[in-house]
Amino acid sequence: MSNVVLDMDELRTTVADVLDVDESELTDEADFVNEVGVDSLMAMEVMVVLERKYGVTLGEEELKQVTCLKKAHDLLADKLGLA
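Using full-length UniProt numbering, read the sequence shown as starting at 1 and increasing by one per residue.
Check each hint, because a few of them may be wrong.
[As the list claims (entries may be wrong)] Simulated crosslink set (DMTMM-like; lysine to aspartate or glutamate; CA at most 20 Å straight-line): (1) Lys-71 x Glu-23; (2) Lys-70 x Asp-9; (3) Lys-64 x Asp-31; (4) Lys-79 x Asp-7; (5) Lys-71 x Asp-9; (6) Lys-53 x Asp-9; (7) Lys-71 x Asp-17; (8) Lys-53 x Glu-23; (9) Lys-71 x Asp-39; (10) Lys-70 x Glu-35; (11) Lys-79 x Glu-51; (12) Lys-79 x Glu-60; (13) Lys-71 x Glu-45; (14) Lys-71 x Asp-7; (15) Lys-71 x Glu-29; (16) Lys-70 x Glu-29; (17) Lys-53 x Asp-7; (18) Lys-64 x Asp-78; (19) Lys-79 x Glu-62; (20) Lys-79 x Asp-9; (21) Lys-53 x Asp-17; (22) Lys-64 x Asp-74; (23) Lys-71 x Glu-35; (24) Lys-71 x Asp-22; (25) Lys-70 x Glu-25.
[Claimed, not checked] The following label-pair restraints were derived from C-beta to C-beta distances: (26) Gly-81 x Gly-37: 13 to 23 Å; (27) Glu-29 x Leu-63: 11 to 21 Å; (28) Glu-60 x Asp-31: 11 to 21 Å.
No lab work stands behind these hints: they were computed from the structure.
All figures in this text were calculated on a predicted structure; none of them were measured in a lab.
Think of the CB as a built atom: it goes at the ideal place given N, C-alpha and C, for glycine as much as any other residue.
Please construct the entire structure, taking both the sequences and the accompanying hints into account.
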């Protein structure tokens with residue numbers, strides 16, 4: 001598992017693609033709901049893509065904590081043992 005690299009720019013690109021938004025809108029701290037307009041269905045879609053891409057399982061409580069790209073990155077880093 002240690003061969004997995006969690007690159008913030010790659011994560012930004014992946015999330016922007018799923019949400020169909022410009023990468024420039026996805027700053028590290030941009031609030032997914034209030035600033036990017038993510039609804040619960042879009043959030044679930046992002047998490048499914050991230051789970052598949054990084055081979056992790058994300059619980060419902062963990063998903064609620066992911067309010068911006070930085071928090072998504074931190075959660076994935078923790079799950080992958082990179083934190």
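Structure-based check of all given hints:
1. Lys-71 x Glu-23: Between Lys-71 and Glu-23 the Cα gap is close to 16 Å, so the pair holds against 20 Å.
2. Lys-70 x Asp-9: 11 Å, holds
3. Lys-64 x Asp-31: Roughly 12 Å separates the two Cα atoms, so the pair holds.
4. Lys-79 x Asp-7: 14 Å, holds
5. Lys-71 x Asp-9: Given pair Lys-71, Asp-9 holds - Cα atoms ~14 Å apart, limit 20 Å.
6. Lys-53 x Asp-9: 14 Å, holds
7. Lys-71 x Asp-17: Roughly 18 Å separates the two Cα atoms, so the pair holds.
8. Lys-53 x Glu-23: 18 Å, holds
9. Lys-71 x Asp-39: 17 Å, holds
10. Lys-70 x Glu-35: 14 Å, holds
11. Lys-79 x Glu-51: Satisfied, since the Cα-Cα distance of roughly 10 Å is no more than 20 Å.
12. Lys-79 x Glu-60: 14 Å, holds
13. Lys-71 x Glu-45: Within the cut-off at roughly 17 Å; holds.
14. Lys-71 x Asp-7: Distance of about 13 Å is within 20 Å: holds.
15. Lys-71 x Glu-29: 8 Å, holds
16. Lys-70 x Glu-29: With Cα atoms ~6 Å apart, Lys-70 and Glu-29 stay inside 20 Å; holds.
17. Lys-53 x Asp-7: The hint holds at about 12 Å.
18. Lys-64 x Asp-78: It holds: about 16 Å lies between the C-alpha atoms, which stays within 20 Å.
19. Lys-79 x Glu-62: Holds - the C-alpha atoms of Glu-62 and Lys-79 are around 11 Å apart, at most 20 Å.
20. Lys-79 x Asp-9: Given that 20 Å is the threshold and the Cα spacing comes to 18 Å, the pair holds.
21. Lys-53 x Asp-17: 13 Å, holds
22. Lys-64 x Asp-74: 14 Å, holds
23. Lys-71 x Glu-35: 15 Å, holds
24. Lys-71 x Asp-22: The given pair, whose Cα atoms are some 19 Å apart, holds under the 20 Å limit.
25. Lys-70 x Glu-25: 13 Å, holds
26. Gly-81 x Gly-37: 13 to 23 Å: 33 Å, violated
27. Glu-29 x Leu-63: 11 to 21 Å: 18 Å, holds
28. Glu-60 x Asp-31: 11 to 21 Å: This hint holds: roughly 19 Å between Cβ atoms.
Checked against the numbered hints given earlier, this structure breaks only hint 26.
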